[in-house]
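Colleague: As a plain string of letters, each chain reads:
There are 2 protein chains.
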Amino acid sequence: MSLAVLGTVALDHVKTPSGVKKDMLGGSAAHFAMSARLFTDVHLVAVVGRDFPDKHLQFLRRKGVNLASLKTSRGKTFRWRGEYKKDNLNAALTLATQLGVLEGYVPELTEQHARLPHVFLANIDPDVQIRLLKMMKAPELIGLDSMNLWIQHKSKSLRQLMKLVHVFVANDGEARALTGENNLIAAAKRLRQMGPRMVVIKKGEHGVLFYSDKFMFSFPAYPVEKVVDPTGAGDTFAGGLMGYLSKVRKVDEKSLRRALLYATAVASFNVQGFGMAKTAPLTMREVEERTKTLVKFMAV
Amino acid sequence: MSLAVLGTVALDHVKTPSGVKKDMLGGSAAHFAMSARLFTDVHLVAVVGRDFPDKHLQFLRRKGVNLASLKTSRGKTFRWRGEYKKDNLNAALTLATQLGVLEGYVPELTEQHARLPHVFLANIDPDVQIRLLKMMKAPELIGLDSMNLWIQHKSKSLRQLMKLVHVFVANDGEARALTGENNLIAAAKRLRQMGPRMVVIKKGEHGVLFYSDKFMFSFPAYPVEKVVDPTGAGDTFAGGLMGYLSKVRKVDEKSLRRALLYATAVASFNVQGFGMAKTAPLTMREVEERTKTLVKFMAV
Chain C
4 MSLAVLGTVA
14 LDHVKTPSGV
24 KKDMLGGSAA
34 HFAMSARLFT
44 DVHLVAVVGR
54 DFPDKHLQFL
64 RRKGVNLASL
74 KTSRGKTFRW
84 RGEYKKDNLN
94 AALTLATQLG
104 VLEGYVPELT
114 EQHARLPHVF
124 LANIDPDVQI
134 RLLKMMKAPE
144 LIGLDSMNLW
154 IQHKSKSLRQ
164 LMKLVHVFVA
174 NDGEARALTG
184 ENNLIAAAKR
194 LRQMGPRMVV
204 IKKGEHGVLF
214 YSDKFMFSFP
224 AYPVEKVVDP
234 TGAGDTFAGG
244 LMGYLSKVRK
254 VDEKSLRRAL
264 LYATAVASFN
274 VQGFGMAKTA
284 PLTMREVEER
294 TKTLVKFMAV
Chain B
4 MSLAVLGTVA
14 LDHVKTPSGV
24 KKDMLGGSAA
34 HFAMSARLFT
44 DVHLVAVVGR
54 DFPDKHLQFL
64 RRKGVNLASL
74 KTSRGKTFRW
84 RGEYKKDNLN
94 AALTLATQLG
104 VLEGYVPELT
114 EQHARLPHVF
124 LANIDPDVQI
134 RLLKMMKAPE
144 LIGLDSMNLW
154 IQHKSKSLRQ
164 LMKLVHVFVA
174 NDGEARALTG
184 ENNLIAAAKR
194 LRQMGPRMVV
204 IKKGEHGVLF
214 YSDKFMFSFP
224 AYPVEKVVDP
234 TGAGDTFAGG
244 LMGYLSKVRK
254 VDEKSLRRAL
264 LYATAVASFN
274 VQGFGMAKTA
284 PLTMREVEER
294 TKTLVKFMAV
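Heads up: the sequence lines are chains C and B, in that order. Going by the working numbering, the first sequence opens with residue 4, and the numbers climb by one from there. Going by the working numbering, the second sequence opens with residue 4, and the numbers climb by one from there.
Derived by calculation from the structure, the hints in this document are not laboratory data. Check before you lean on any hint, since a few could be wrong.
Any copy, or any two copies together, can satisfy a pair, since identical chains are not distinguished.
Said to hold, decoys possible - DSBU-like, lysine-lysine: derived pairs with alpha carbons at most 35 Å apart:
#, residue 1, residue 2
1, LYS58, LYS299
2, LYS217, LYS89
3, LYS295, LYS140
4, LYS295, LYS217
5, LYS137, LYS89
6, LYS89, LYS166
7, LYS89, LYS253
8, LYS229, LYS166
9, LYS250, LYS299
10, LYS24, LYS192
Using the sequences plus the hints, can you model the full thing?
Modeller: Here's what the structure looks like:
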């Protein structure tokens, strides 16, 4: 099946204890696509500026990502500059953002893309997410991600969106901020009450918690001894989750458990290199291998 | 088989968002014993003062805990007063401690207890732990727990002890403090290098990580929506781990995975009530039931 992802395509400047990298291809939709393409056809709905390097476009195309709904606008590509400190590699410190073409961005969709059954609203302004959602003709499975910035400043739009989606993906800090609940099981329940049938709480090195009315489960993260750059790990995770569900075209307990297993495996590659250094060359065979190791790791 | 546990027996005064309780039976060895007694014969090596309520002694005996090496000394029983705040139920704030008879405590063992094959050194001054260890005639399996206080103030004794034990149990904060490693996989490896063949890192609501040279694994915690009082959860966990290993008399990958599953299950009961309110009435049947639920919770 086919999956549309709306979000950002960015040029990232990242500093971590492992080094500094400039002008890397990044952004929520780009990281998501680099992961989801392993499982399904993925269509990028985003905007870049005229300064966006052609090599990145060619690279995305080579990786099988469909760019028909990627808009090039007059202006500069969104840029993010961040740092991760040694004592907390889970949390990015944003040093600078240049919105560029993101400001006033109105998503555009090809006729074909508007009919895709699966859509993921990766992290971007919730008003843009709502706008895209209204353009979709008959979405069967809608996923949503967000971030603290929108939880604080666009709470109303975000809460409206949560009523319209099926899968809500949040990290532990976001889940706590949105619900006021410190206990993650309680927070997951509250998020469920806010709309989405399925709630996925990402806990970084501590793994993932899934919650729905009928069942819940939790997996540990794949054990990574050296995190090089966590940028995009959450998007990569969501790409594995939605990519797998889109591939098997089934949303039941079994497929959700498998989907989150694959999501965990793909995300673990992401953090082992800067930007997409580890996810771009990734093959499904390597993902399967790591998934098997992960199954052994968590076996009773 | 039989298991000796050295540690504290205390009178606890605890405040949590769920309420306040005074003069509760507590202490590392008492919580450990209340859990381990579900799996094996457990012998308490500890000291109390003359003020220690007889009802607590009778209660421990009724629960099948052997008290032949429990010393009653002139002076007051060790008292701990602590609080847990709503926004971080994982971390206790110590408001007051009265060492009482713990000061200058020299453990005493019956002849029979000195010959026990399994011993757990629950949290108490490392110099007391070393002293007890030297009294044991032929220990086959030695477990060790500690706390930040000793990591900071008795680092030398603790490091000496770590060379003498087989299983080292620490929470995530302790593991980081002892090794200077923020990444828990890296921290576990470093702890292994410090002596113990088996390293168990307890992550509270995030579950547990096991590390040894040949294999490692991780389990999520049992999902508890409302934590009433986490006091003694780590000791209860260790009691389940050592109790099960002592029962099956085997330390291999399979038994360790089972042991940590049981440990997780028992510890989840502990946090659902004040002090031993939930672990004292617990039967093995209830533990088995929760273990089954836990296996489903974490199944792929």
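Colleague: Look at each hint and say if it fits the structure.
Modeller: Hint check:
| no. | hint | in the structure |
| --- | --- | --- |
| 1 | LYS58 with LYS299 | neither (39 Å within a copy, 47 Å between copies) |
| 2 | LYS217 with LYS89 | between (40 Å within a copy, 28 Å between copies) |
| 3 | LYS295 with LYS140 | neither (38 Å within a copy, 44 Å between copies) |
| 4 | LYS295 with LYS217 | both (27 Å within a copy, 17 Å between copies) |
| 5 | LYS137 with LYS89 | neither (42 Å within a copy, 40 Å between copies) |
| 6 | LYS89 with LYS166 | between (38 Å within a copy, 29 Å between copies) |
| 7 | LYS89 with LYS253 | neither (40 Å within a copy, 40 Å between copies) |
| 8 | LYS229 with LYS166 | between (38 Å within a copy, 26 Å between copies) |
| 9 | LYS250 with LYS299 | both (24 Å within a copy, 25 Å between copies) |
| 10 | LYS24 with LYS192 | between (39 Å within a copy, 29 Å between copies) |
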